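Undergrad: Residue-level listing of the chains:
4 protein chains.
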Amino acid sequence: MNDIPYRSALIIGAGPGISGSLTRLLRTAGIPVAIAARHIDKLTPLVEETGAIALAADASDASQVERLFAETDARIGAPELVIYNASGRVRGPIVELDPTEVEQAVAVSALGAFYAVQQAAKRMLPAGKGAILLTGATAGIKGFALSAPFAMGKFALRGLAQSAARELAPKGIHVAHIVIDGVVRGERADPSDSTLDPDAIAQSYIDLLRQHRSAWSWELEVRPWVEKF
Amino acid sequence: MNDIPYRSALIIGAGPGISGSLTRLLRTAGIPVAIAARHIDKLTPLVEETGAIALAADASDASQVERLFAETDARIGAPELVIYNASGRVRGPIVELDPTEVEQAVAVSALGAFYAVQQAAKRMLPAGKGAILLTGATAGIKGFALSAPFAMGKFALRGLAQSAARELAPKGIHVAHIVIDGVVRGERADPSDSTLDPDAIAQSYIDLLRQHRSAWSWELEVRPWVEKF
Amino acid sequence: MNDIPYRSALIIGAGPGISGSLTRLLRTAGIPVAIAARHIDKLTPLVEETGAIALAADASDASQVERLFAETDARIGAPELVIYNASGRVRGPIVELDPTEVEQAVAVSALGAFYAVQQAAKRMLPAGKGAILLTGATAGIKGFALSAPFAMGKFALRGLAQSAARELAPKGIHVAHIVIDGVVRGERADPSDSTLDPDAIAQSYIDLLRQHRSAWSWELEVRPWVEKF
Amino acid sequence: MNDIPYRSALIIGAGPGISGSLTRLLRTAGIPVAIAARHIDKLTPLVEETGAIALAADASDASQVERLFAETDARIGAPELVIYNASGRVRGPIVELDPTEVEQAVAVSALGAFYAVQQAAKRMLPAGKGAILLTGATAGIKGFALSAPFAMGKFALRGLAQSAARELAPKGIHVAHIVIDGVVRGERADPSDSTLDPDAIAQSYIDLLRQHRSAWSWELEVRPWVEKF
Chain A
1 MNDIPYRSAL IIGAGPGISG SLTRLLRTAG IPVAIAARHI DKLTPLVEET GAIALAADAS
61 DASQVERLFA ETDARIGAPE LVIYNASGRV RGPIVELDPT EVEQAVAVSA LGAFYAVQQA
121 AKRMLPAGKG AILLTGATAG IKGFALSAPF AMGKFALRGL AQSAARELAP KGIHVAHIVI
181 DGVVRGERAD PSDSTLDPDA IAQSYIDLLR QHRSAWSWEL EVRPWVEKF
Chain B
230 MNDIPYRSAL IIGAGPGISG SLTRLLRTAG IPVAIAARHI DKLTPLVEET GAIALAADAS
290 DASQVERLFA ETDARIGAPE LVIYNASGRV RGPIVELDPT EVEQAVAVSA LGAFYAVQQA
350 AKRMLPAGKG AILLTGATAG IKGFALSAPF AMGKFALRGL AQSAARELAP KGIHVAHIVI
410 DGVVRGERAD PSDSTLDPDA IAQSYIDLLR QHRSAWSWEL EVRPWVEKF
Chain C
459 MNDIPYRSAL IIGAGPGISG SLTRLLRTAG IPVAIAARHI DKLTPLVEET GAIALAADAS
519 DASQVERLFA ETDARIGAPE LVIYNASGRV RGPIVELDPT EVEQAVAVSA LGAFYAVQQA
579 AKRMLPAGKG AILLTGATAG IKGFALSAPF AMGKFALRGL AQSAARELAP KGIHVAHIVI
639 DGVVRGERAD PSDSTLDPDA IAQSYIDLLR QHRSAWSWEL EVRPWVEKF
Chain D
688 MNDIPYRSAL IIGAGPGISG SLTRLLRTAG IPVAIAARHI DKLTPLVEET GAIALAADAS
748 DASQVERLFA ETDARIGAPE LVIYNASGRV RGPIVELDPT EVEQAVAVSA LGAFYAVQQA
808 AKRMLPAGKG AILLTGATAG IKGFALSAPF AMGKFALRGL AQSAARELAP KGIHVAHIVI
868 DGVVRGERAD PSDSTLDPDA IAQSYIDLLR QHRSAWSWEL EVRPWVEKF
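Chains as they are written, first to last, in our numbering: chain A, 1 to 229; chain B, 230 to 458; chain C, 459 to 687; chain D, 688 to 916.
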């Protein structure tokens, strides 16, 4: 049983994969869920399956994030759980990258997370309760060659997570950063489990949400058993 | 429900606190548990409460650890889950420390864990299955002043955990290192939850054991919500 | 003697303090130096003292950074050494921060460094030689409460530094990130050395520049002897 | 010029390679040097070349380390600079390692360093001055598979270094840990510089010794420009 102590959830950067699995687990636990993405057409199957509501928003735009939270308030109540899954990525040799695309990648991975944390904290602080989970990547701990923008965004996200945890945890808000190390499984079956099963990842998010405040984790890394690290 | 996929457990360095909570959770899940300590008299209440068996062993002595595993094999079957909780600590200015006590502290915190990992791996590798959890401390990540021996032992333990995870995870053995950051609660009630509740810590160990192999964590930090870090 | 193997230097985010000390050491070694800042009036004393040239540029604007490098090329030759010292900082509780100021802080600390690394690499790669030093802070390793934007920017800078080092070092470009941990001394004397002497910091930058390519460091932390860490 | 502010040096775990280069640089700077190893025959060429004195000691034995320092006191004066280079290594699958060899490896890499730090601190604390450099390895930061004992020893060494730096730096003793990431060059020439030149490594040790106390580093990583990390 997932005795999750939060009564409403907003997932930003939704799509299939981790967000889909989280939506299912939260809905199964009876929690109203809003899922946000830039284009919500792709969310229709998940909405129909789970009864979650879909909201359109560009996470890299502060005013859209503000409006997204207001809509969530109106539709399912102020979110007591906020999960940020959006990320921006552009790869290539440093000299070949387009500065505008680099800015946009950092905006989606990190600035959008800041806007979300800010809106979440505005709602959670008065209640003295809430949880904010930020989806990171190995790139937030190790900056790989040919992937500077992703490293910048995911490092920044981790810095935000740490700073927010230090500020908000003593006020009753559980902030955690999850490092996804490996490829998340898509539609294809993978009996060898060499890719991350999104349901397995989502279960670890749920485990974090169920932690007692006397023993909170601010970070969790997950990787397939056979992954090199 | 704790659907833990292991059928026998050995906890080394047992006492009240974390080991007590773990013993209770594992026994409740129907798993035979052996608990080992240098002096087992203190374990009598836990044995009587849970039906665990107590075995005497000095974890810092390789031959005693070898014998402990043999006795565990005989009493409850080869352990599929091994938890190492022992640690040695001596504090003081570097110039005032007794070298013999420093050696003993490192032996209990780290060498004993090596002996346990080795004996565990001997049993788990043929089965292609098992879990080894090593109880660390913040001192394994940050070496504090006036506590060099504890830093040495806990850093070494973390190095062992990482090396063992890299070697054994691809062979089906889940190795994880848990960083306890803060004071573990004793008998005294603590309604403010500013100390770590051992039951809450133990639940996070159980969560690690329930992780699917496609998304294993090799490390987890836990601290009270109000703990500075 | 500072036998620095680079023949032209560009320092971005110049001012007194570290940039001033670096300018002096580089000029003493006979190296032409361009120093860039948003407002170059404040650089006049340093220019008069050292013979460096001052160039105006807003480091958070990609096109201004591009123009800055072109001007440097024209004035002292393509820079073989580029040092990025600019950083943006805004403090306060997460809920009280202005999103626009957060964006600007991250832009100055991290995006500007990306633009500079990109322009530097364009010049250094064909030569197979060069050095890029990025000035970080403890905030790039530890995200403090009430300082999320600085943590985001300095974490992102560190991610950039690591990624750039992995990409560019094997092409002959030494990329290093210097973690300044503590308060940099201003005009006031400090005989106790409890603040960082900018000349001492600058000497460590020079040491990095003098490293042989068979033993390069990609990161260096400096702090006063009495600083808690 | 190497204006090193220490007047006597003891290098433990000496041999060719890093210790040889350090001995040459220190002797060139006019500093009396004692070099210690278990078997000092191999040191004869270095002694003849540099005028250093050789002392026999097993670094993993506390009483021998105590005697080594006493002899150093008598021969060149209490060492103001102590460098610990000894390390113990045994490789292989965890189940195949001999516990006695594991203990010995940890003793040489870490316990011996503790004995040396302790003896050094006893001499340096009254003077309020000194430097202790500890030679680490990547294995102290990342625990590789099939190398658990080396990981344990080098992690423990790093924990010792951090703890000692926190305790001793505010008393005027510079403690630093150098992470050697890569293969140290032997006799064979290596024009591609894909291995670490011991002279280049030694120069970075000297740079650390020359740091002003207002900007000390407690750790430095060095690796060849082409090394993957």
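Just so you know, these hints were derived from the structure itself, not from any lab. None of these values were measured; they are calculated from a predicted model. Hints may be right or wrong, so weigh each one.
Said to hold, decoys possible - Non-contacting residues of chain A with respect to chain B, defined by C-beta distances greater than 10 Å in every case (computed): (1) GLU66; (2) PRO170; (3) ALA200.
What the hints assert, rightly or not - Now the in silico label distances, taken between C-beta atoms and shown as ranges: (4) GLU66(A) x ARG318(B): 47 to 53 Å; (5) ARG7(A) x SER423(B): 24 to 30 Å; (6) PRO420(B) x PRO692(D): 23 to 29 Å; (7) GLY717(D) x GLY535(C): 55 to 61 Å; (8) THR257(B) x SER63(A): 35 to 41 Å; (9) ASP556(C) x GLY128(A): 47 to 53 Å.
Unchecked claim - Pairs of lysine to any residue, SDA-like flavour, derived with a Cα cap of 25 Å: (10) LYS629(C) x PHE144(A); (11) LYS580(C) x PRO719(D); (12) LYS600(C) x ARG671(C).
Glycine included, every Cβ here is placed at the ideal spot set by N, Cα and C.
Undergrad: Run every hint past the structure and note whether it holds.
TA: Taking the hints in turn, this is what the structure says about them:
no.	hint	verdict
1	GLU66	holds (27 Å)
2	PRO170	violated (5 Å)
3	ALA200	violated (4 Å)
4	GLU66(A) x ARG318(B): 47 to 53 Å	holds (50 Å)
5	ARG7(A) x SER423(B): 24 to 30 Å	holds (26 Å)
6	PRO420(B) x PRO692(D): 23 to 29 Å	violated (55 Å)
7	GLY717(D) x GLY535(C): 55 to 61 Å	violated (40 Å)
8	THR257(B) x SER63(A): 35 to 41 Å	violated (51 Å)
9	ASP556(C) x GLY128(A): 47 to 53 Å	violated (25 Å)
10	LYS629(C) x PHE144(A)	holds (15 Å)
11	LYS580(C) x PRO719(D)	violated (48 Å)
12	LYS600(C) x ARG671(C)	violated (29 Å)
The earlier numbered hints that this structure contradicts are 2, 3, 6, 7, 8, 9, 11, 12.
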